[in-house]
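This is what each chain is made of:
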Amino acid sequence: MGRYVLTSIVRGLLTLFAVSLIVFVLARISGDPIAVLTPSDMSKEDRAAVAANWGLDKPIHEQYVVFVQRALQGDFGDSFTVSQATATEVIWSRFPATLRLAGAALLLITIAGVPLGVLAATRRGKWADRSARFLALIGQSIPEFWLGLVAIWIFAVRLRWLPTSGDTGPSSYVMPSIVVALFGIAAILRLLRSGMLETLQAEYIKLARLQGFSPTRIRWRHAFKPALIAPLTFFGQVFVHLIAGATVTEIVFNWPGVGLLAFTSAAGRDFPVVQAIALFTAAIIVATNITVDLLYAWIDPRVRLGGKAVAG
Amino acid sequence: MPRLPWLPILILAGLLVIPAILAPWLTPHDPLRGELLERLTPPGWVEGGSWTYPLGTDGQGRDILTRIIFGARISLSVAMSAIGIGLLVGGSLGLVGGYFGGFIDKVIMWMIDTFLSLPFVLLALVVVSAIGPSFQLVIVLTSATVWAYVARQVRGETLSIREQDFVARARVSGLSALKIIRRHIVPNTVSPLIVVATLQVGLVILEEASLSFIGAGIPPPNPSWGVMVAGGRDLIASAWWVSFFPGLAILSIVLALNSLGDWLRDYLDPRTRQQMGSPLRPAGRTPARGDGQAGVPEHPSDGLPPAVLEVSDLRTYLFTRAGVTRAVDGVTLSVRESETVGIVGESGSGKTMLGLSIVRLTPEHVSRIVGGEIRVGGTDVSTLPESELRGFRAANLSMIFQDPEQSLNPVFTVGSLLNEAIRARFPDLSAAQVQSRAVEALRSVNVPDPERRLRSFPHQLSGGMKQRVVSAMAMIGQPKLIIADEPTTSLDATIQAQFLHLLKDLQARTGVALLLITHDFGIIAELADRVAVMYAGRLVEQGAVRDIFNRPSHPYTRALLEARPAAHTRTDRLKTIEGNPPSLIDLPVGCRFAPRCAYATEECDERYPPETVIGELHRSACLRAEEEPWLNRS
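Residue numbers (our numbering), protein chains in the order written: chain A, 1 to 312; chain B, 1 to 634.
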């Protein structure tokens, strides 16, 4: 178990290392790092100061060490577009909005995706299964940005039921959270359905039925728990898509979160903020994946206990 | 063959492939330059619209249909480039990792996991703010996930093929790794890769559109669909058509690709091919016909223990896409209290389906008992409604399966499984009583140190130990009949003997009737009182074990006995009988063994042989059973 947790953490750190390297190289690949790291209207003296600050006169590997040291302290430089603020401060101010949206979406994924997946598997081939699978197909095929725009057009512009954009109270969560959650619902539904179909075929389910347990008990205790293992391994990827989808959705709905910030900062060539967002997000993803690994161990005792078989 | 998915194919051809190739010839308009005077013209059918611009014009007066047509070029070329790179890189890495394993494989696996958990949308924004958007960037970013999916798939396939005999033989014969990979492994990865590639094309088109929409993809004014949707974003209130139609194009194409991918997955996967096609819904039960076959004679009141199980003319059919499989096709059989009856046959003879039919656990969606009766202690199980079936089974029937790995739920401890089974039957017991019953149950099947084993998870037990736990669970309800389907096949030879001894012992203690399904006459000799030989869904001979061994009266039984290994070595299959069992879908009218039988006459092909009485309890369904031509041979 200890070894398992350690592997998970080491892998996470390696991922962070990879992302930091990508970001670091990108700032320097364009030829003139100082042009990337400073706004174009900066004075010559200030530019020299930034260059010295980031050790741009030193060899490239030392520059990377400086970069990592500062990143660990949350220092990614000052924002070009927001005056008097560091990149980190700008991100923190936007973070709560993103978290609220992600929370709403995760809630939707759980309360819609999980029951639908179980329902589809247990009613295999029936009407409920067909509808659930059709929903999953749509959810995986629809471009989030377009769905968001069409939803705005219908429900905000035409029908005037919901606000078009921004974070302006409970009703403003309806459209963005559904748009963000749709892909996750589709993915969880599909994975859980196929996981359940597999476990429902297992001999231990046949034996449980022979024991006379109720169908509900068999479905939720004997089939559901082992069926959770497969979706969990993919949960990291679903989560990554949630973040990517959230970025696009925040842009469409003008949601004042980190995704919209990344978009406006990229458009304004505010490199310090964009690189900080990428690294922050990578750190969140890594933390999520480690959590998933731990959850995985909790659900599947084969991972948790390892252990040799007892002879006999 | 299942029906081709015509709609997705038509959508892909009409909206993606044909426009991408023929774009300049399909439309009179220029995709990049528009008529400013005609800007924001609505679609042709809307008031104020013009059929010159069927889907309207955008904010710069460009024809939207034209731009959608040219957009297909961009989508298709990005998708093809990304898939090409992904297949090349991912394919090679997957092959290397899967074939060589070890450290290289670990590194590749880590890279796959890492790439699939990178926030590419945000990284794209990082790149754009550093060096600006470009066509190449889109290809790099989209192929970055494609290769990982491809590599994961190829690695998995390679790993499983590498373990197979023909690869091992090739390696022993000195074939180089490169040749083995090229000749044996690559061809086997093709069909799963077709599925992955199809689904990935959809994903790449979606990713390219998303990137273009947020300004990190194809640089405007190129007519990428994502760019077009973005261009209409601020016009959504006044000119909905600018965003609507390009998005609809993306949706239709990705939808078509995903459903095509799903179809291909089902079509190319040998496992799902067998599943039911909807037109073949089983009709109601057909009246049973008792034509000749080796059934057990009625038990007169002869002083023997009463019959626990009486199966008569049971028919269980599977309704598959390929046709109706008559897995159990008129079986009559009985088992008495304290008696062990063996069912012997090759794999595919229907013996497992027979066992599952008796407990009504045949695969729900494809199979159905179409005729006959299954009486357990006088009650006909085959017509029992589901609500009564549950309690009835729990009180009377149990089963032991071949694979102990599959028989215990991996996520529960042995104790919690046993406790649950005990509580279900004796709800009034206190926690301590349940606990002591569980210990007792394990002790009765000779599990050492039962208190400790209760806290074990199944994976911590050996196969033999697991099978003991399964038997302990089977005995909790004090069943009248246990069906054991190849219970020792996956156990080691020494453990096999122990387990058979345990079954005997349990029977002696409780008087439970045992229906033992096996391919191994050695096990029959050791355990069974009577034996029935099953071939192509029917029982061809049955009788007391001694009689069958001494005087087999069906050529198939003879062949099985001759194919038996001399010593008690373990075999998986009886391979030495010439030819294969008939397909259960297309069965001959006459004797089903005749095509493989050395003694077959013309008459054997004409009608199914009626049952011949050989001796007390001994019956054979062979036309020449009385003549016994096999005795004169040699």
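Be aware that a few hints might be false.
Okay, derived cross-link-like pairs now, DSBU-like style, lysine-lysine, Cα gap no bigger than 35 Å in a straight line [stated by the list, open to error]:
| hint | chain 1 | residue 1 | chain 2 | residue 2 |
| --- | --- | --- | --- | --- |
| 1 | B | Lys179 | A | Lys225 |
| 2 | A | Lys206 | B | Lys179 |
| 3 | B | Lys480 | B | Lys504 |
| 4 | B | Lys179 | B | Lys106 |
These aren't lab readings, by the way, just hints derived from the structure by calculation.
Satisfaction of hint between B:Lys179 and A:Lys206, Cα-Cα up to 35 Å: 45 Å, violated
Agreement of B:Lys179 and A:Lys225 with the hint, judged by alpha carbon distance not exceeding 35 Å: 44 Å, violated
Hint consistency between B:Lys480 and B:Lys504 [alpha-carbon to alpha-carbon, up to 35 Å]: Within the cut-off at roughly 15 Å; holds.
Pairwise hint evaluation, B:Lys106 against B:Lys179, where the allowed Cα distance is 35 Å at most: It holds: about 23 Å lies between the C-alpha atoms, which stays within 35 Å.
Hint violations for this structure: numbers 1, 2, all remaining hints satisfied.
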